[in-house]
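Visitor: The lines below spell out each chain.
2 protein chains.
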Amino acid sequence: MAGPVEIETASPNVKEKMEILTDNFDPPAVVVEPLLPVVTVANGGPRESEEEEEEGVEKPTKKSKEIELGRNVHSTCLAITEPETNDEFTGDKEAYMAAVLARYRRNLMERTKHHLGYPYNLDFDYGALAQLQHFSINNLGDPFIESNYGVHSRQFEVGVLDWFARLWEIEKNEFWGYITNCGTEGNLHGILVGREVFPDGILYASRESHYSIFKAARMYRMVCVKVHTLVSGEIDCSDFRVKLLDNKDKPAIINVNIGTTVKGAVDDLDLVIQTLEKCGFSHDKFYIHCDGALFGLMMPFIKRAPKVTFKKPIGSVSVSGHKFVGCPMPCGVQITRMEHINVLSSNVEYLASKDATIMGSRNGHAPIFLWYTLNKKGYKGFQKEVQKCLRNAHYLKDRLRGAGIGAMLNELSSTVVFERPQDVEFVRRWQLACERNIAHVVVMPNVTIEKLDVFLNELVEKRSIWYQEEHVQPPCIAADIGKENCACSLHK
Amino acid sequence: MAGPVEIETASPNVKEKMEILTDNFDPPAVVVEPLLPVVTVANGGPRESEEEEEEGVEKPTKKSKEIELGRNVHSTCLAITEPETNDEFTGDKEAYMAAVLARYRRNLMERTKHHLGYPYNLDFDYGALAQLQHFSINNLGDPFIESNYGVHSRQFEVGVLDWFARLWEIEKNEFWGYITNCGTEGNLHGILVGREVFPDGILYASRESHYSIFKAARMYRMVCVKVHTLVSGEIDCSDFRVKLLDNKDKPAIINVNIGTTVKGAVDDLDLVIQTLEKCGFSHDKFYIHCDGALFGLMMPFIKRAPKVTFKKPIGSVSVSGHKFVGCPMPCGVQITRMEHINVLSSNVEYLASKDATIMGSRNGHAPIFLWYTLNKKGYKGFQKEVQKCLRNAHYLKDRLRGAGIGAMLNELSSTVVFERPQDVEFVRRWQLACERNIAHVVVMPNVTIEKLDVFLNELVEKRSIWYQEEHVQPPCIAADIGKENCACSLHK
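Protein sequences appear in the order of chains A and B.
Position 408, counted from 1, in the first sequence is what the UniProt record's numbering calls 408; the numbers after and before it change by one each time, with no gaps.
Position 215, counted from 1, in the second sequence is what the UniProt record's numbering calls 215; the numbers after and before it change by one each time, with no gaps.
Keep in mind that the hints were calculated from the coordinates and are not lab data.
Ideal Cβ placement from N, Cα and C applies to all residues, glycine included.
Treat each hint with caution, since some may be false.
One side only, chain A facing chain B, incomplete, derived with CB under 8 Å [as the list claims (entries may be wrong)]: (1) T76; (2) A98; (3) G117; (4) Y118; (5) L122; (6) S136.
Taking the hints into account, I'd like the entire structure generated from these sequences.
Guide: Okay, structure coming up:
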């Protein structure tokens, strides 16, 4: 069992192989294989056949449904090279790496400046926390129970969880939660808790739910029923009712969107609960997970918004930390009722901790980033930022419409949906998220009027080039956001 | 849909509630509920009844199987408070937060210094990367296909993946992989790919596998067969054979441990493959996932180790990035064959990217940390560090035995297993991972001879206090690591 061990190096073989790979490397071979030739939209399914078309509304063309995938980066990656024996002496490698990083940093600055499409608040200053980067901080296992690993940040994590528990109105001794790696992990956790509570439950989610909900259904082998949406993007509760009544004998697990990904539509939580009750589902026969990725943190500060609170019969809420709060890396918060969590957890002696999380080892820096910002801004600070975002979003929508561009802004949202710009390079430059014929800008705290003006002027200028000839027309987006919001030649 | 929006603040209510919660808060209520009174070891199950006991070997006592859970941290968390209106003027809050962070930093330094039990290399210097903390770097979706979000680090990520692909001998156009959030995510991904390849496959894993494997089985609703282990901790292939033959009609998905969590035991990959073949499982009837959390990066540099390579019929390999490499936050690498990944992926237009990852949004900083260290150290640097770790592990084992303390060190491992120290405070101080009657020290690059000496001297001194009276004896650990490694009164 013991005894001296011989050690060898892998590098000579490896070096040889590296060269072979570099010579024979055929970039298209990497791209071509994994791409399916024709693609259906993940959360839409075969859209035309299922939905009744509104009269006079153009169908999205087939072409617009094929996904334009991003560039393959395999050929442009920064290869790792074996250090030369005299590297430490010459400093060549260090200089090379420093140059790569400096170039990368310039690129990040430029990309950060021209970003509009994803709901990430890029405006933060965590300089005070730079000192912590020297430590390997890991909150493995349960946030509330210390593990034997001492380099953790549970005291910050639990502080953050308490803050969200207050926001969503659940008592300290009644909730359980943790800081996740992203919104998806929150959704994966919420749906899993739902399934463990109702092993034979059926998952209901509107077709405009985030794709992680459907990923969860597949991972967990759950029956998933997709519910239609209104033009706003909200769940269509009359369709929900029909589908519930089709499956009255099975418990219901429902994903409620507190802001859909594409249109920022907020499902009507109260109407969802009412529909369940009217269909004969008592509170012990359903589990609601609220996917509050972005708006989970904005809604509490908007008066007319349906309130997300554990005083209503919901099972869990998740929100992203890198979105409205802003954080160097993705993270999120997941809160559920303690009564539900026992079904999920098992004691793991190795950690001296129960582990009801999905991930086990968990980034201990993220809770400190969140703790820092929540402490600095407080509820009042977020309220002000929400106000600003909604104001700026209205500005953008009004100016788009003023320029004759079809646009929609849901009442509770700062996501402005408009016609998809024709030019892929323009979409890339402003990092717009697109789906079918529409694109969106998510107005976050770092998106100022000045930035919107630059964007708008550029868009208007480009459009005058794209559509200078009469046979090239802006796309009709009535099928996506309704006739009243479309400004195509047919609907304007 | 549009129109002005009224905004309100949630803070007055919240503030009131915060006070109520603080007053009435009953810490035990939080701990007591989720803990089951008697606990079986998660990856062991009902151990005594299933395993034949070796003659003359004491059973672990019932007491030792109950988990000593860590302290509840809810009562000691760092609460987030609403900023006072004049905070910006007085600077009180900023001063308070700076003080909290400075105290926390001192605590991290002390905890980092006294850490031995978890396989994390705490010795790293990423000062050159501190400048990147200002950016919200997110590699959402597939690493090889750019999404529209421009603030990413795919060029670094793919460089790291290529490095591991070379290490594990798979061509650039034949693999797919990504940088995960931790070892668990790699395992969750590997097992999921296995299940998608063989939807009715049975999962086989040795009982000393990491608990994330059993978590995966439960999440994915898979039939999971636990296989016995040898005293070393390796999978017992004769038991594996019996269990395979019991289920000859179903494909096999096998988790192979490249270093178990507790004993650092390396499953014999070649024997596992041989066993499968002898039982009539052709290569299209099984899928092997190699959990190389720690040793996946050490083994390539140890001559006598069974080689982990895609030239053998394996489906995926995962390794942690925060373990042997060292990283401020948990991360990992997962590599699989491109032919397997199609079954898992679906095109998601929102990202302009396929998403075959578990998480969707992914930490873009982790790949840069890994890229930086791999570039600086290279294969040769890791080889040297592996050598040092194995040497120091032997030193520790020899000194433990010299002091009359039962200890084991597997041939290919730097994990030294020994009797569990009696005192919980001692275990906490050195952050030892414990299971039943054993504890372990994982000798990582930051664990020097000097640190081991301090630890050893302290342990020997404490033992002379713990065991000064004759009726208090060190635990028998023969059931855990074999008679020959036990130094209890019966076996020494």
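Visitor: Going back to the hint list, which numbers does this structure go against?
Guide: none
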